[in-house]
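Here the protein sequences line up with chains A and B, keeping their order.
If you use my numbering, the first sequence corresponds to residues 4 to 172, in order.
If you use my numbering, the second sequence corresponds to residues 2 to 296, in order.
Misleading hints may appear alongside valid ones.
Below, simulated DSSO-like cross-link-like pairs (lysine-lysine); rule was C-alpha separation at most 30 Å, straight line [unchecked claim]:
#1 B:Lys-252 x B:Lys-219
#2 A:Lys-27 x B:Lys-219
#3 B:Lys-133 x A:Lys-27
#4 B:Lys-50 x A:Lys-27
#5 B:Lys-252 x A:Lys-27
Worth flagging that the hints you see were computed from the coordinates, not collected in a lab.
The chain contents come next:
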Amino acid sequence: MSILLRNIIRFAFLLLIQVFVLNKILIHQLVSPYLYMLFILALPFNLPRPVVMLLGFLMGISLDMFSNTMGIHAAACVFVAYLRPFIINVLSPQGGFETTQKTPSMTSMGVSQFLIYAAVLVFLHHVVFFTLEVFGFGNPLYLMLKILLSTAASLILIVLYELLFFTKK
Amino acid sequence: MRNLIIFFRRYFNFFLFLLLEVICIVLVFQNNNLQRSAYLNSANDISGKMYDKYNNVQYYFHLKATNDSLVAENTRLHNAIRTSFDSVVTGTGLKIDTIRQYSDDTLHRVIGTQIRRYKYFEAKVINNSVNKPINYLTIHRGSLQGIRPNMGVISSSGVVGVVRSVSDNYAVVLSMLSKSNSVSISARLGQGKEMGSVHWDGDNATYAQLKDIPKSAKVHKGDTVVTSGFSALFPENIPIGYVDTVMLSDKAGTSFNIRLRLATNFYNVQYVYVIENLLKDEQQRLEDSTYKLIK
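Bound-form chain A, shown alone:
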């Protein structure tokens, strides 16, 4: 399957999963897992940065349309898309990742590398998203707890997704 097709399918799949499954799950007021930004995390390494940002914006605004949070998801997504190359640069070994694997995943980056990559970006996404959503630092403890617990929940989902769809060869 070509990379383009793969990403288009992933876009639709993650959006639907987010809207119709994850947004309907009530675990606790403090825990709301998000999986859809995995689309941005899993875009190919060599994609130009403006394209990554525009795709992030598109993903965010599509989800905003469903969840009545105009612009909040989009802001968080663009933020993550902008910072993605920096994180990849920091984590990549000398001479970059292997060129045979074109997208970030557990197999191409190594398990620990990928976990750090995902954890940092998911955490940043949640910081921007929940800060904008709550809008105000009136209750910082609540905000911090919500960010941390939701990051943990989202990370578990991302790892599960990776294990399901990127089996080791």
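Assemble chain B onto chain A, guided by the hints.
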């Protein structure tokens, strides 16, 4: 000039990032207007239809609870209807017929508004959330079916929220579960009639806070709190919740902080009623002109 172009080329990514973020933030703030058009929210055609399809499946699993609530409401209405009362002596009280105020044809023209003040539309809930700081419901009934922004919405058991934006066939309702200063419902105690206002504290979808009830009021656990009817959104005496715990707001405070158990179960609300206040404009005009006089 050359240097400027080079500068822009070098930091192109950063400027694109700033541009996109500014667009997002502008969208966030525009969204805060209470009156806004409905392009990019769940009332639009694409997401509205998809939520509709989703609800067709999910609705099936709630049939039992929905039926139970509808039967309970029917019973309540049967008990309220006039034929349930013994009316051998007809001359004792003034009884006003509020039924025949509309023409019988499909237009439902208003024949007289002297008595009828509220008109109810039923609507199906196709999307709902309870775990966000500000929650919305999407209902399958829009401007073509007579819904306009700022109409009150109730369920069979109590208050739900206020219509915020409408498209042709869908409407988005701002749920009572909204942690915002602008969302408060004018309430009063069912027994003592003391006035207060109900807020949601963003914590739990089954509880809300009732504030500004004076210390002199007699409040007991389980008392009903109903709408006051002052706000022109809701008729009076629609249940909002039931008193759960009563606290003083502080040691020297003059008012109670009351925790309410909400009358509406927001976890499984399937059908709602949208209320049109036929006299709202008149009330609004009169109040506005009075405020102007004082200024």
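Going through the hints against the structure:
no. : hint                  : result
1   : B:Lys-252 x B:Lys-219 : 18 Å, holds
2   : A:Lys-27 x B:Lys-219  : 40 Å, violated
3   : B:Lys-133 x A:Lys-27  : 11 Å, holds
4   : B:Lys-50 x A:Lys-27   : 17 Å, holds
5   : B:Lys-252 x A:Lys-27  : 41 Å, violated
When held up to the earlier numbered hints, the structure conflicts with 2 and 5 and fits the remainder.
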